[in-house]
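Asks: Read off the chains here:
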Amino acid sequence: MGSGNRTQFENPVIEWVDSRLPVFTLMQKEYGVFPTPKNFNYFWNFGAIAMVILVTMIITGITLGMHYTAHADYAFQSVERIMRDVNFGWLIRYMHSNGASFFFIAVYIHMFRGLYYGSYKQPRELLWMLGVTIFLLMMATAFMGYVLPWGQMSFWGATVITNLFSAIPIFGESIVTFLWGGFSVDNPTLTRFYALHYLMPFVIVGVVFLHVWALHVTGSNNPMGIEPKGPQDTIPFHPYYTMKDSFGILVFLILYAAFVFFAPNALGHPDNYIPADPLVTPAHIVPEWYFLPFYAILRAITFDIGIPLTDIVLVPAKLGGVLAMFGSIAILYVLPFLDKHPHRSAVFRPWYRISIILFLINFIVLGVCGAKPAEGYWVILSQLTTVYYFAFFIVLIPLFNKFEPVEKLPPSINDAVLDPKLKADGMAKTV
Amino acid sequence: MKALSMKQTILTFLTCALMASPVIAAESKYKAELPDHKFSFDGPFGTFDRGSLQRGFQVYKQVCSACHGMNLLSYRNLTDLGYNADEVKAIASQYTIMDGPNDEGEMFERTRKPSDRFHNPFPNEQAARYANNGAYPVDMSLIAKARKGGADYIYALLIGYEDPPEGITLSAGQHWNKYMEGNKIAMAAPLSDGIVAYEDGSPETMEQYSEDISTFLMWAAEPKLEQRKQMGVKVIIFLTIFAAIMYGVKKKLWKKLKTPT
Chain Z
1 MGSGNRTQFE NPVIEWVDSR LPVFTLMQKE YGVFPTPKNF NYFWNFGAIA MVILVTMIIT
61 GITLGMHYTA HADYAFQSVE RIMRDVNFGW LIRYMHSNGA SFFFIAVYIH MFRGLYYGSY
121 KQPRELLWML GVTIFLLMMA TAFMGYVLPW GQMSFWGATV ITNLFSAIPI FGESIVTFLW
181 GGFSVDNPTL TRFYALHYLM PFVIVGVVFL HVWALHVTGS NNPMGIEPKG PQDTIPFHPY
241 YTMKDSFGIL VFLILYAAFV FFAPNALGHP DNYIPADPLV TPAHIVPEWY FLPFYAILRA
301 ITFDIGIPLT DIVLVPAKLG GVLAMFGSIA ILYVLPFLDK HPHRSAVFRP WYRISIILFL
361 INFIVLGVCG AKPAEGYWVI LSQLTTVYYF AFFIVLIPLF NKFEPVEKLP PSINDAVLDP
421 KLKADGMAKT V
Chain H
432 MKALSMKQTI LTFLTCALMA SPVIAAESKY KAELPDHKFS FDGPFGTFDR GSLQRGFQVY
492 KQVCSACHGM NLLSYRNLTD LGYNADEVKA IASQYTIMDG PNDEGEMFER TRKPSDRFHN
552 PFPNEQAARY ANNGAYPVDM SLIAKARKGG ADYIYALLIG YEDPPEGITL SAGQHWNKYM
612 EGNKIAMAAP LSDGIVAYED GSPETMEQYS EDISTFLMWA AEPKLEQRKQ MGVKVIIFLT
672 IFAAIMYGVK KKLWKKLKTP T
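As they're listed, the protein sequences go chains Z and H. Count the first sequence with the working numbering and you get residues 1 to 431, in order. Count the second sequence with the working numbering and you get residues 432 to 692, in order.
Just so you know, the hints here were simulated from the structure itself, not pulled from any lab data.
List of simulated lysine-lysine pairs, DSSO-like, C-alpha gap at most 30 Å:
1. K609(H) with K460(H)
2. K29(Z) with K682(H)
3. K683(H) with K38(Z)
4. K469(H) with K579(H)
Using the sequences plus the hints, can you model the full thing?
Replies: In structure tokens form, the structure reads like this:
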């Protein structure tokens, strides 16, 4: 934590503080001279982008919390008061609601970058697992946040998702009652969701801290997936990546602002401008777009799993769907231990490259399936895409461990940067 | 080439993710395609046409408000439409409200003030349903944001009444509308040519009424729309210039890295 060898600062005040609590040394070491691979592409901007959005969400969220009333009878009205009577309340709320979407956009790209370039592999397994934990916490936070305006989709989304837990054998019903604080989604559900929605972001900040800490122990991966071999392969984080990140963040903010100011409700559902009504079920209950792929996996399991030729049902369809959905995230935790191929980056793994791009396309198709009513061909399509989702991890990756050819890597990052042919060929001339 | 295909896939991912935003239409073979009506508030530079807003309010007052409330609006909000404080006071004072208790503990009726909410046509939902054949005329404060299609949908719905196709019989209190989900709607066609007398010489047609009320309802649902769009233009310009500068800074800074170290 910045202790140990410390160089003196010239400024006496900074030196006085730093000799007692080396925060300046820490900043200098971790963000100033921190050696970073010199060959990052723009996909390496999304960690910093996600961080900026997280801070934006916390600031706008706390401000909204000052004006919001967490009560089933007043929540909807209080949100509308924010939109109409609070100074710039509309801006703060639209930044927050669209911020959730853009947080997920940033994090999905960040995660896919990790998958494509093998950032999850040894020695960054724990770094990756902390990242998956952040993703999971984000999903919980976003889900509970969507409930707070107490519109129709808030209410029915909460009903559907909390009901998933009733699929758990024996304890299911009790768990659901416990989550609701009663026998249906009602005021106690709203107040506890509000309390947790306020708490979770700070838990996320804590895990982000661990995530960054772990990153600074192993150092960053890079598009070639080969470790820096010396000072010729790295550059100091500041000013090179602080400036590159600033540019990337600004481009992302332009997109974000375009939605906040010109299409603030495009990513939401019109039904959420109707106050919650327990007696009227919307025609289609759909979650927010960022949950759709997982929602499709949930609904893909339309059949009971039992012992063939008997009537014994081991896993009812509903439980199967819930297990598949949670399994789709859980499998990300074990990915670092499934993949044993010596190379990290898909740049030098032709088989992996094709299947990870297919995985991305497959994931998008899953999202489309999640948005469509669960009927007809959509069910079959979501089942096929669910199969590929899991097969990628438990069939393809183990096969690649054994059979994917091991290409020759460039001798170092620096050599590849100076001679782009080395990288383009995916082959190194022997030195 | 490899990096390029990756970029393309990411772009595809983004576009698809955005397009897959959960909007689903239930299929109905009679449901007509929603026309895209041109409104004054469309586009990044759009503003509400004040004349249309005032006419829309007039249509609301003389037609819609017989059944539909607008709970989230206060009379003071009407200054947005271009009315001055005295005009707003005069509009509010046309309605009464039960207030109290006073110093003697009695409830009393008084005229409404600009700070009061809009007058509601019915005291409660039961009364509204009883008066409307069991159907509940929804509160219209947010209707322009609570329906897929928004103002376009409202505009289309109000001019979309027609006779049902051959072979379909409607029960009492039902009407046929080609833009309504399921086509059967409890509300009778509320507008017809000449039903509201405009003072500014605008055409007194069903289409004009429908455009005006749709504009008014969009304002009611999103009163800060103009402020939002105007600020948005400035924010985007600022961010674009800032990003361009940062790009220049980054380019200049990284130039020296190209040479072998």
